[in-house]
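Protein sequences appear in the order of chains L and U. For the first sequence, position 216 matches number 658 in the numbering used here, and the numbering has no gaps at all. For the second sequence, position 235 matches number 677 in the numbering used here, and the numbering has no gaps at all.
These are computed hints drawn from the structure, not numbers from a lab. Any given hint might turn out to be false.
Given that identical chains are not distinguished, each listed pair holds provided it fits within a single copy or across any two copies.
[Stated by the list, open to error] Computed cross-link-like contacts, DMTMM-like style, restricted to lysine to aspartate or glutamate with a CA-CA straight-line distance of at most 20 Å: (1) Lys673 - Glu696; (2) Lys514 - Glu696; (3) Lys567 - Glu541; (4) Lys515 - Glu585; (5) Lys543 - Glu729; (6) Lys646 - Glu537; (7) Lys567 - Glu585; (8) Lys732 - Asp512; (9) Lys466 - Glu752; (10) Lys638 - Glu729; (11) Lys514 - Glu729; (12) Lys567 - Asp512.
2 protein chains.
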Amino acid sequence: MSGGFIGIDWGATFFKIGWVKKDKILRYKVYPSSCLNSISNFIASIKTFVNESKIRNLKGIGIGCPGIIDIKKGLILWLPNIKGWENVPLKRILEKEFECKVYLDNDANLMALGEFKHGAGRGYKNIICLTLGSGLGGGVIIEGRLLHGRGFSSAELGHIPVTLGGRKCSCGNRGCIETFVGIEYITRKAKNLLKKHRSPIVDKLTNNNLDNLTPKILSTAAKKGCEISKKIWEDTGTVLGRYITGLVNIFFPEAVIIGGGISGAGNLILDYIRFYVKKYAMYPQNETTKILRAVLDYKATILGAKEAVENLV
Amino acid sequence: MSGGFIGIDWGATFFKIGWVKKDKILRYKVYPSSCLNSISNFIASIKTFVNESKIRNLKGIGIGCPGIIDIKKGLILWLPNIKGWENVPLKRILEKEFECKVYLDNDANLMALGEFKHGAGRGYKNIICLTLGSGLGGGVIIEGRLLHGRGFSSAELGHIPVTLGGRKCSCGNRGCIETFVGIEYITRKAKNLLKKHRSPIVDKLTNNNLDNLTPKILSTAAKKGCEISKKIWEDTGTVLGRYITGLVNIFFPEAVIIGGGISGAGNLILDYIRFYVKKYAMYPQNETTKILRAVLDYKATILGAKEAVENLV
Numbered sequence: 443m444s445g446g447f448i449g450i451d452w453g454a455t456f457f458k459i460g461w462v463k464k465d466k467i468l469r470y471k472v473y474p475s476s477c478l479n480s481i482s483n484f485i486a487s488i489k490t491f492v493n494e495s496k497i498r499n500l501k502g503i504g505i506g507c508p509g510i511i512d513i514k515k516g517l518i519l520w521l522p523n524i525k526g527w528e529n530v531p532l533k534r535i536l537e538k539e540f541e542c543k544v545y546l547d548n549d550a551n552l553m554a555l556g557e558f559k560h561g562a563g564r565g566y567k568n569i570i571c572l573t574l575g576s577g578l579g580g581g582v583i584i585e586g587r588l589l590h591g592r593g594f595s596s597a598e599l600g601h602i603p604v605t606l607g608g609r610k611c612s613c614g615n616r617g618c619i620e621t622f623v624g625i626e627y628i629t630r631k632a633k634n635l636l637k638k639h640r641s642p643i644v645d646k647l648t649n650n651n652l653d654n655l656t657p658k659i660l661s662t663a664a665k666k667g668c669e670i671s672k673k674i675w676e677d678t679g680t681v682l683g684r685y686i687t688g689l690v691n692i693f694f695p696e697a698v699i700i701g702g703g704i705s706g707a708g709n710l711i712l713d714y715i716r717f718y719v720k721k722y723a724m725y726p727q728n729e730t731t732k733i734l735r736a737v738l739d740y741k742a743t744i745l746g747a748k749e750a751v752e753n754l755v
Numbered sequence: 443m444s445g446g447f448i449g450i451d452w453g454a455t456f457f458k459i460g461w462v463k464k465d466k467i468l469r470y471k472v473y474p475s476s477c478l479n480s481i482s483n484f485i486a487s488i489k490t491f492v493n494e495s496k497i498r499n500l501k502g503i504g505i506g507c508p509g510i511i512d513i514k515k516g517l518i519l520w521l522p523n524i525k526g527w528e529n530v531p532l533k534r535i536l537e538k539e540f541e542c543k544v545y546l547d548n549d550a551n552l553m554a555l556g557e558f559k560h561g562a563g564r565g566y567k568n569i570i571c572l573t574l575g576s577g578l579g580g581g582v583i584i585e586g587r588l589l590h591g592r593g594f595s596s597a598e599l600g601h602i603p604v605t606l607g608g609r610k611c612s613c614g615n616r617g618c619i620e621t622f623v624g625i626e627y628i629t630r631k632a633k634n635l636l637k638k639h640r641s642p643i644v645d646k647l648t649n650n651n652l653d654n655l656t657p658k659i660l661s662t663a664a665k666k667g668c669e670i671s672k673k674i675w676e677d678t679g680t681v682l683g684r685y686i687t688g689l690v691n692i693f694f695p696e697a698v699i700i701g702g703g704i705s706g707a708g709n710l711i712l713d714y715i716r717f718y719v720k721k722y723a724m725y726p727q728n729e730t731t732k733i734l735r736a737v738l739d740y741k742a743t744i745l746g747a748k749e750a751v752e753n754l755v
């Protein structure tokens, strides 16, 4: 088959690659990111996918990268969780290799673009998109365009301090929102509480082994009535609600869209966020900003990457 | 004289009006805002200024308002510190009355625009502008344009929570940055500390009466070596530094420009802000974002209002 675009969601753990034509993902594959330990392996992985998919006349490659990108130059500045990619001019390298246009941006930015064009953000012009996983990633669309600061892959919405002092964050600062809502933090906090206050519901779901605890189990347990699990989501929803109220006061968006693993808790956290935004954001935003769940799951960044490279936003 | 624009900086206390032609303020007057207790008095004040200045063929009136504006409609939604202006279509009223174009925006937004076009922000494309006075106002310029969210006078940068819990803010929320850096808060905190730990330097500057204490006296005292006053600015600079680090991580601007009464403390707070941004903002922003003092003083909003109505941004 001929034409179409490749969209890539390059995470710290998985490298997800899709062939997109007319807004449909025709083929999709996941590699462990550890395979990409050099530029030549990176190129080889894409080549394998292109060959297996029998793609001819590829129009472009869009890549959502887990770090800070100089989007004008197509330069990876640094990736916080993957070493060895400092100052790599990946756009130039791939353009030469694949003879098509290439666009690099932050993964959360392209997730935001995907949801904006094809998901929960359709029909709006101004959205904030958050992805809650091991960290907190964010993208902001203003009047239909991604916020890029001075040509870099802002907005780093995970690295906003939400308390005075606080725990050390991966960025070096203290008290960033990421230190309150990352999967590891939530799970560790829950484990500590559940060691002190045993929950028969959680015990059953984890086979009496708290090492099996996951955010998904915490959601299930909360829905089944476990008070400790409910408390964990209340705390997470509260800190997110206060933080998102601040973002709403900054951007006055039509919608805040929340995706990523932690968003699987659904209304267990979204209802708190809605409560805080409604009660504390400035009028008229408090009454009109919608708090929505992302709908595209793994497709969001891939479709966003395709949109970005197609239109070179 | 003929032509030119009127720029207005409408604060909760003072109403400052200027006649601007070719980027020069030809005439300038200050009224107490309490005179403007009705729309007819508002119109009369402008008429008096126009008549006194002998302005013919006025091209436009730009107004920086102390509150939330629907900028597309030219509608005042509400002003937190002035009652009775809810849902007033001031643009339409003034356009009819003065037969020229009219533009309304938030005062801090127009201050940002003024500094961007004629002050500390000249030559940049992306800036954040903060005005530190009784509250904290903010304006953001992205790629040369004011951030307006969905057509409202965002960004309400004073109402971002910077701590969990915290004191009640005028907006109804708790722990907003405004509750840490407003003039009243700083002065009250300083008074309480100075009652416990007397400072001969402050005693002299206040004639032994702490009711005379002002942020200006605190600056002078700190420069003369008063440890309590230094501590007050250290605390203010620290909370601002952490908060501005978050803003830099969101917007990746070229410069953050700080004006308003509290900015009179100069390097007593700016050095802390520079320290935090350099140490904790994400690379490359930490190394390149400039922290600057606003330079236009009272002229900023008036010149910004003129720019806004001239170009209808």
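To see whether the hints hold, each was checked on the structure:
no.: 1; hint: Lys673 - Glu696; result: neither (29 Å within a copy, 42 Å between copies)
no.: 2; hint: Lys514 - Glu696; result: between (28 Å within a copy, 16 Å between copies)
no.: 3; hint: Lys567 - Glu541; result: neither (33 Å within a copy, 33 Å between copies)
no.: 4; hint: Lys515 - Glu585; result: between (24 Å within a copy, 17 Å between copies)
no.: 5; hint: Lys543 - Glu729; result: neither (42 Å within a copy, 31 Å between copies)
no.: 6; hint: Lys646 - Glu537; result: neither (53 Å within a copy, 70 Å between copies)
no.: 7; hint: Lys567 - Glu585; result: both (5 Å within a copy, 17 Å between copies)
no.: 8; hint: Lys732 - Asp512; result: between (31 Å within a copy, 19 Å between copies)
no.: 9; hint: Lys466 - Glu752; result: within (14 Å within a copy, 46 Å between copies)
no.: 10; hint: Lys638 - Glu729; result: neither (40 Å within a copy, 45 Å between copies)
no.: 11; hint: Lys514 - Glu729; result: between (37 Å within a copy, 19 Å between copies)
no.: 12; hint: Lys567 - Asp512; result: between (24 Å within a copy, 16 Å between copies)
Comparing the model with each earlier hint shows violations of hints 1, 3, 5, 6, 10; every other hint is respected.
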